[in-house]
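Novice: The primary structure of each chain is shown beneath.
Protein chains: 2
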Amino acid sequence: MAIATKDWFTEQCSEFSSAFSVNITKKLHSETTAFQTIDIYQTNKFGNMMVIDGFIMLTSLDNFIYHEMMTHCCLFSHHAPKNVLIVGGGDCGTLQQVLKHPVENVTQVEIDIKVTELSEQYFPELCENNNDKRVNLVFDDAINWIKNAEKASLDAIIVDSTDPIGPGEGLFTKDFYKNCSKALTKQGVIIHQSESPFFHNNLLTEIRAKMHSAGFTNVETVFFPMPTYPSGWWSGTLASNNNLLEPRQCPNALATEFKYYSHDIHRGSLQLPNFLATI
Amino acid sequence: MAIATKDWFTEQCSEFSSAFSVNITKKLHSETTAFQTIDIYQTNKFGNMMVIDGFIMLTSLDNFIYHEMMTHCCLFSHHAPKNVLIVGGGDCGTLQQVLKHPVENVTQVEIDIKVTELSEQYFPELCENNNDKRVNLVFDDAINWIKNAEKASLDAIIVDSTDPIGPGEGLFTKDFYKNCSKALTKQGVIIHQSESPFFHNNLLTEIRAKMHSAGFTNVETVFFPMPTYPSGWWSGTLASNNNLLEPRQCPNALATEFKYYSHDIHRGSLQLPNFLATI
Numbered sequence: 000m001a002i003a004t005k006d007w008f009t010e011q012c013s014e015f016s017s018a019f020s021v022n023i024t025k026k027l028h029s030e031t032t033a034f035q036t037i038d039i040y041q042t043n044k045f046g047n048m049m050v051i052d053g054f055i056m057l058t059s060l061d062n063f064i065y066h067e068m069m070t071h072c073c074l075f076s077h078h079a080p081k082n083v084l085i086v087g088g089g090d091c092g093t094l095q096q097v098l099k100h101p102v103e104n105v106t107q108v109e110i111d112i113k114v115t116e117l118s119e120q121y122f123p124e125l126c127e128n129n130n131d132k133r134v135n136l137v138f139d140d141a142i143n144w145i146k147n148a149e150k151a152s153l154d155a156i157i158v159d160s161t162d163p164i165g166p167g168e169g170l171f172t173k174d175f176y177k178n179c180s181k182a183l184t185k186q187g188v189i190i191h192q193s194e195s196p197f198f199h200n201n202l203l204t205e206i207r208a209k210m211h212s213a214g215f216t217n218v219e220t221v222f223f224p225m226p227t228y229p230s231g232w233w234s235g236t237l238a239s240n241n242n243l244l245e246p247r248q249c250p251n252a253l254a255t256e257f258k259y260y261s262h263d264i265h266r267g268s269l270q271l272p273n274f275l276a277t278i
Numbered sequence: 000m001a002i003a004t005k006d007w008f009t010e011q012c013s014e015f016s017s018a019f020s021v022n023i024t025k026k027l028h029s030e031t032t033a034f035q036t037i038d039i040y041q042t043n044k045f046g047n048m049m050v051i052d053g054f055i056m057l058t059s060l061d062n063f064i065y066h067e068m069m070t071h072c073c074l075f076s077h078h079a080p081k082n083v084l085i086v087g088g089g090d091c092g093t094l095q096q097v098l099k100h101p102v103e104n105v106t107q108v109e110i111d112i113k114v115t116e117l118s119e120q121y122f123p124e125l126c127e128n129n130n131d132k133r134v135n136l137v138f139d140d141a142i143n144w145i146k147n148a149e150k151a152s153l154d155a156i157i158v159d160s161t162d163p164i165g166p167g168e169g170l171f172t173k174d175f176y177k178n179c180s181k182a183l184t185k186q187g188v189i190i191h192q193s194e195s196p197f198f199h200n201n202l203l204t205e206i207r208a209k210m211h212s213a214g215f216t217n218v219e220t221v222f223f224p225m226p227t228y229p230s231g232w233w234s235g236t237l238a239s240n241n242n243l244l245e246p247r248q249c250p251n252a253l254a255t256e257f258k259y260y261s262h263d264i265h266r267g268s269l270q271l272p273n274f275l276a277t278i
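Chains as they are written, first to last, in numbering that gives the first Met the number 0: chain A, 0 to 278; chain B, 0 to 278.
Just so you know, the hints here were simulated from the structure itself, not pulled from any lab data. Fair warning: this is a prediction, and the values are worked out from it, not measured in the lab. The reader is advised that the hints may include incorrect statements.
Said to hold, decoys possible - Simulated restraints on C-beta separations: (1) A252(A) - T277(B): 18 to 26 Å; (2) G169(A) - K258(B): 29 to 37 Å; (3) I164(A) - K44(B): 13 to 21 Å; (4) H78(A) - R247(B): 33 to 41 Å.
Glycine included, C-beta positions come from ideal geometry on N, C-alpha and C.
Using the sequences provided together with the hints, build the complete structure.
Specialist: So this is what it looks like as structure tokens:
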């Protein structure tokens, strides 16, 4: 549930009876598309903020942590990713990070073209490379798209989805993961944003179990801070059929470009605290 | 600034124009002592919650992350700590963690006896070992106490203080750190809670600079999630004169007792993201 007054946007986290509020200075846009309601606010300290169906999706200030961790933890778990699929990711923050790698093709399948159009308008810094010739922007339902994807055609899939309610729900299923597994090469790697390890650890457990039951033999979770997401602590779950999900070294030229990700942070983020040991 | 209604306690973070709210079911206690105002709430999902001067100090649910990281990152940075000082820490959550180590003496200098009395009443699970014969509970101003401490008498100092406003302010000074340095042995280690790396990184920079200027040659920061503190991401800053602050291995018998801390998490938490590289 979300409450917006003249000065404050508040996102309630029903699972933990808590809430996070951001001081807003202006409502820049509000629109109900065929899929969801998208609101854009100007905030006092977090820059612009995109909210979908009442949940904060990104702010200018802290999105780099999420986008870097989702992208680089996935791509540095593969020896040399060339063909990459982004599921969701309409704000193009993940896409921008993927393009820092020497990939050959990046297909992004976002259900709602409005997310990308509004990101181009209000988060232009994330969309600077949308015209890169390696990029193929598809606006379609990724659940169907992946069913028809060529077998063993992808090295990496980054599922940068909304929460598992609304249009994102079908992405958190065994069937979806099975189709991803088929579309990936034998060395292929997938990552799915897996919510708050503190507030949603049942969901995290479910995602890991579904990935295993879809046929992935290695499943690992990375943990990272995300100040504007519930609990301020977030996760991404990696899976692969053959790889041990050991991060390879990050080339120096790239390492200096990243604001949060580093090889050592990647290794550290894979450590599972005991209190989550049952996941 | 804090706002409490019948159902919600809200802590505003003025630096980042944001707020965190917790659904409360009952106000259990409210008292203004000679030092500060202490409120205790029963919450819907976080168990009991202690608030000092409007800032959430601890909840039953998530305090273990903070207490384990503050204690074990410090004590495992020393080869064999025997004599330990806790500054502040009146809720006794840090004390409980320290007692898991084979220490000989733990002195806790808390300015406000009411914090400990209320913790014994509302957080009894943290106070179970307060009568351990190794414990010396002192209720006094630690700023003065440390001035008169015997030189080179302590192996470790854990500064488990409130924020640097109110009674905690004098603990964030070069003079205080100098006195700590004198009271520590040559292999001695100090840790001070150093606020949110995301919201308060100026303060974190200051703490690190003051520790260096007080004579500590090695200064390192550990980062960890803390869902009920501003931004959900917190830090502790370690310093020592001689040690490299490399964590030693944690004995297996202890490792299984911890809910968050582990040797690998400790190593991972020491990794500094690029965007904080100037701290």
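Novice: G169(A) and K258(B), beta-carbon distance inside 29 to 37 Å?
Specialist: 34 Å, holds
Novice: Falls inside 13 to 21 Å, the C-beta gap from I164(A) to K44(B)?
Specialist: 19 Å Cβ-Cβ, so the 13 to 21 Å window holds.
Novice: Note whether the CB distance of H78(A) and R247(B) lies within 33 to 41 Å or breaks it.
Specialist: This hint holds: roughly 34 Å between Cβ atoms.
Novice: Is the gap between the beta carbons of A252(A) and T277(B) within 18 to 26 Å?
Specialist: Holds: the Cβ-Cβ distance is about 21 Å, inside 18 to 26 Å.
The structure meets every hint from the earlier list without exception.
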